[in-house]
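Participant: Two chains, two separate frames, one set of hints: put the complex together.
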Amino acid sequence: MSTREDLKTAIINGKRKDVKTIIPELLEAGETPVDLLEKAMIPAMSAVGEKFKNNEVFVPEMLVSARAMKEGMKLIEPALIEAGIKPKHTAIIGTVEGDLHDIGKNLVATMWKGAGFEVIDLGVNVPPAQFVDAIKTHQPAIVGLSALLTTTMPSMKTTVAAIREAGFDTVKILIGGAPITQSYADEIGADGYAQDAGSAVDAAKATLGAA
Amino acid sequence: MPSSYAILACDVFREELEELCRRTPTCKALRFLEMGLHDQPKLLRERIQEALSQIEADPSVEAIALAYGRCGNGLIGVTAGRCPLILPQAHDCISILLGGTERHAAILKENPGTYFYSPGWVREKRVPGPDREEWLRNLYADRYPDDNEMIDDLVEADAETFAHHNCAAYVAVTDNPTARDYCRNCARHLGWNHRELDGDPGFLNALVHAQWDDSRFLHISPGHRIAANGEGRLYAQGHRP
Numbered sequence: 000m001s002t003r004e005d006l007k008t009a010i011i012n013g014k015r016k017d018v019k020t021i022i023p024e025l026l027e028a029g030e031t032p033v034d035l036l037e038k039a040m041i042p043a044m045s046a047v048g049e050k051f052k053n054n055e056v057f058v059p060e061m062l063v064s065a066r067a068m069k070e071g072m073k074l075i076e077p078a079l080i081e082a083g084i085k086p087k088h089t090a091i092i093g094t095v096e097g098d099l100h101d102i103g104k105n106l107v108a109t110m111w112k113g114a115g116f117e118v119i120d121l122g123v124n125v126p127p128a129q130f131v132d133a134i135k136t137h138q139p140a141i142v143g144l145s146a147l148l149t150t151t152m153p154s155m156k157t158t159v160a161a162i163r164e165a166g167f168d169t170v171k172i173l174i175g176g177a178p179i180t181q182s183y184a185d186e187i188g189a190d191g192y193a194q195d196a197g198s199a200v201d202a203a204k205a206t207l208g209a210a
Numbered sequence: 000m001p002s003s004y005a006i007l008a009c010d011v012f013r014e015e016l017e018e019l020c021r022r023t024p025t026c027k028a029l030r031f032l033e034m035g036l037h038d039q040p041k042l043l044r045e046r047i048q049e050a051l052s053q054i055e056a057d058p059s060v061e062a063i064a065l066a067y068g069r070c071g072n073g074l075i076g077v078t079a080g081r082c083p084l085i086l087p088q089a090h091d092c093i094s095i096l097l098g099g100t101e102r103h104a105a106i107l108k109e110n111p112g113t114y115f116y117s118p119g120w121v122r123e124k125r126v127p128g129p130d131r132e133e134w135l136r137n138l139y140a141d142r143y144p145d146d147n148e149m150i151d152d153l154v155e156a157d158a159e160t161f162a163h164h165n166c167a168a169y170v171a172v173t174d175n176p177t178a179r180d181y182c183r184n185c186a187r188h189l190g191w192n193h194r195e196l197d198g199d200p201g202f203l204n205a206l207v208h209a210q211w212d213d214s215r216f217l218h219i220s221p222g223h224r225i226a227a228n229g230e231g232r233l234y235a236q237g238h239r240p
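Protein chains in written order, with numbering that gives the first Met the number 0: chain A, 0 to 210; chain B, 0 to 240.
Hints are computed from structural coordinates only; laboratory data are not their basis.
Hints are not guaranteed to be accurate.
As the list claims (entries may be wrong) - List of simulated lysine-lysine pairs, DSS-like, C-alpha gap at most 25 Å:
no., chain 1, residue 1, chain 2, residue 2
1, A, K16, A, K50
2, B, K41, A, K50
3, A, K135, A, K204
4, A, K52, B, K41
5, A, K87, A, K38
6, A, K204, A, K52
Unchecked claim - Covered stretches of chain A (in silico footprint by chain B; criterion: 3 or more residues with CB under 8 Å from a CB of chain B, positions within the stretch not fixed):
no., region
7, 59-68
8, 175-185
What the hints assert, rightly or not - One side of the interface only, derived from the structure: several residues of chain B facing chain A at Cβ under 7 Å:
no., residue
9, G71
10, N72
11, L107
12, P111
13, D152
14, L153
15, T160
16, G231
Where a beta carbon is used, it is the ideal one built from N, C-alpha and C, also for glycine.
Next comes chain B alone, as it looks inside the complex (with noise of 0.2 Å):
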C-alpha cells in the first residue's frame, strides 16, 4: 500500500468520496472531474490524461486510484504515466455504487427499462424528470434564439430518447432524503415506476482505504494502459511491440 496517493474520480461521486476521504488521511488529494463525460467518451479519455499528468507533478504522489469505470470506453486508452492507476472493475458509476458488475447486470437483466439515479445524478438535475425540460429550454434558448418551434422539437425528441425506460431507481449510499424525494418526484412525472435500492459502499471504501484487491481492481502500471476484452473485463495492457 502506497504511503501517500491521489483520488481523481467524476463529480458524480462528489458526495459519496467527501463523506469517505474525511477519515483517510492517507489519501492526498481527491479531485474530480465533471460528469457526463461517458457521452463523449473521447473527451473523456483526454480529460483523464491531462488530469493525471497535473496531479503526478506531485512528487509525493506514489499513485492514483481512479473512481470510475469503463464509462462508455472513455477509459479504455488511459495510460499510466509515472504512478501506478488503480481503477475498479466496474462497467460504471452505477456498478461502484450498487458494489459490483453482477448485481447491476441482473438489475438491469431483471428490468432492462431501469434509469439509475443516485444524489450526484439528481444534483446536476439533467437526470430524466421535471426539471430537465426547464434546462434543456435554457440550454437551446441560447443556440437557437427566437425559434420556439425548433426548441419545442428539440425538447419532444430528447424526451424519446428516454421512451422506453419504465422504472426510476434510486440507488443510495448516503442517507440523502432530498435526492431520495427527488427521484421519487421524477417517477411520477413520467409516469415510471420507483424503486429504491441499498447502494454498496465497499467498492468506493476499498477505493479510498488503497484496498486495492486483485478481484475488484486493475493495476496498471508505469507506461502500460488500460483495455477491454470481449467479456467485459478490464485489464492492462502493456506497450504495442
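Just chain A, same shape as in the assembly (with noise of 0.2 Å):
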C-alpha cells in the first residue's frame, strides 16, 4: 500500500508512472486531494527547488519533477471538482516582455495551481498592455511577472507602472525571477517577491493576507 510519502519521493524523483498509480491508490484508500496537495505534493516540489538552490540537481531534473507533478494534477483535479472544492484565489502569471524564458514561471504556476489557485498563463514575452487587459477581463487577485535576465528587469518596472496607472490599486503584484530581489521590489512598487518557485505559495499567501 502507498503512503503520502511514496507520492512525495516520486514526484521528487521526477517518476511519473509511479504518481500515476500511487495517485488513485490513495484517493481510494481514503485520502482527501486538498490533503494529498498540500501535505505531499507541493512540499515535493518545494523540496527539489531547495535542492536546485543547493546546487543537488540541475534545471531539467526540476523539469522532470514538475512534469509528474502536473501528471499528478490531473487526476486530483476530477477528485476536487467532485469534493465541490472551487478556487480561491484567481491569479495571472507571464514572463514580462522581451523574455522568453518560462521555467521559472511554469513552475510557479504549477505551484499555486496546487495550492488551490486558478491561474490564468499569459506564456512569454507579455507587454503591459496585454497583463492589463487580462486584468480587466479576469479581475484577479495576484499578478505574478517573471523575468530572468537582467536585460529585461526594467520591463517589470513599466508592468507594474502600467498596471497601477490603468487604476488597478488593489491587484497585488509578485515578482520573482534568478535576478529578482526585494529592494526591486521595493523599489519598481510590487507588492511581494518570491525567491524560487518553492516560495512562491506562501509568498502569494502573504501578499493576499491568507493563511
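Facilitator: As C-alpha cells, then:
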C-alpha cells in the first residue's frame, strides 16, 4: 500500500508513472485530494526547489519533477471538483516583455494551481498592455511577473507602472526570477517577491493576507 | 592609472583576453574563473570574492579589473578589499563582446529569441546544438545509472528550456572560423535562423589597457560594494549604516 511519503518521493524523483499509480490508490484509500496536494505534492516541489538552490540538481531534474507534479494534478483535479472545492483565488502570470525564459514562471504556475489558485497563464514576452487587459477580463487577486534576464528587468517596472496607471490599485503584484530581489520589488512598487518557485505559494498567500 | 593591476575574468573571455593581454606589460596577472557560474549567482559571488582576496595578497597589485557584467546579479554585493575594483557597465559577457548594453538590448528587442554564441561558449560545447545532448547524457549517466527512461526525460526537459529561441547569433571579436562554423552548425541542427554579429573589442581593450572611463566602467573603492539600481545601472554602494 502506497503512502503520501511515496507520492512525495515519486514527485521529487520525477517518476510520472509511479505518480499515476500512487494517486488513485491513495484516493481509493480515503485520502483527500487537498491533503495529497498540501501534504505531499507541494512539499515535494519545495524540496526539489531546495535541492536546486543547493546545487544538488539542475534545471532538467526540476522540470521532470514538475511534469510528474502536473500528471498528478490531472488526477487530483476531478477529485477536487467532485468534493466541491473551488479555486480560492484567481492569479495571472507571465514573463515580462522581452523575456522568453519561462521555466520559473511555469513552475510557479504549477505551484499556485496546486495551492488551489485558478491560474491564467499569459505565456512569455507579455507586453504591459496585455497584462492590463487580462486583469480587466479576469479580475485576479494576484499578478505574477517573471524575468530571468537583467536586460528585461526594466520591463517589470514598466508593467507594474502600467497596471497601477490603469487604476488597478488593489491587485497584488508579485515578482520573481533569478536576478530579482526584495529591494527591487520595493523599488518598482511591487507588493511582493518570491525568491523561488518553492516559496511562491507562501509569498502569494502572505501578499494576499491569507493564511 | 595604476602601474600594476590584475584582471579577474570569466573563462568565456579566455581567447579574447589572452590575445589582448599578451601585449600589455602593466597587466600583472590574468586569472580566470570557470564559465557558467551566472546560473548560480550566490556561488559566483563567493568565487569572485575568494579570488579577489587571493589576487590582492600580492602587494604589488594596485587594482583589480573584472571582466564580468552583472551576470545574473552574481556580481551584486561583491566588495572591494584592499584594492579598488573596476567593472564594466554591462549585463553580461554578451554586452561586453558587443561593445555595450545598448547594442545588446537593441538586438534582443528586435528578436527576444536570439541565443548568443561566442568562442568561449562554443569551446565548452554546452550551447544548444548537437553536442549538448551528448554532454547531458554523460552527465546524467553517472547520476542515474541504468535509468535510460529518466535520462531521456531529462534530455527532453532540457530541450524545452530553449523552446522559445529561434536564432543562433555568433558574436565575433577574434577570427575563429571553427567557432563560427560550429555556431552555424548548431543553428542547422536546431532548425533556428543563424546570424553573425561583428563583436566590438572596445570594451575588452579598454579593460586590459586600464582606460577605465566612468561612462563605461564602475569604480569601486576599498570597502564599497557593487550594487544595481532599478534602471539596471551599476553603482558603488558604501557601508550600510
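Participant: Now tell me if each hint is right for this structure.
Facilitator: Here is what the structure says about each hint:
no., hint, result
1, A/K16 - A/K50, "22 Å, holds"
2, B/K41 - A/K50, "15 Å, holds"
3, A/K135 - A/K204, "22 Å, holds"
4, A/K52 - B/K41, "9 Å, holds"
5, A/K87 - A/K38, "18 Å, holds"
6, A/K204 - A/K52, "22 Å, holds"
7, 59-68, "holds (count 5)"
8, 175-185, "holds (count 4)"
9, G71, "5 Å, holds"
10, N72, "4 Å, holds"
11, L107, "6 Å, holds"
12, P111, "5 Å, holds"
13, D152, "5 Å, holds"
14, L153, "4 Å, holds"
15, T160, "6 Å, holds"
16, G231, "6 Å, holds"
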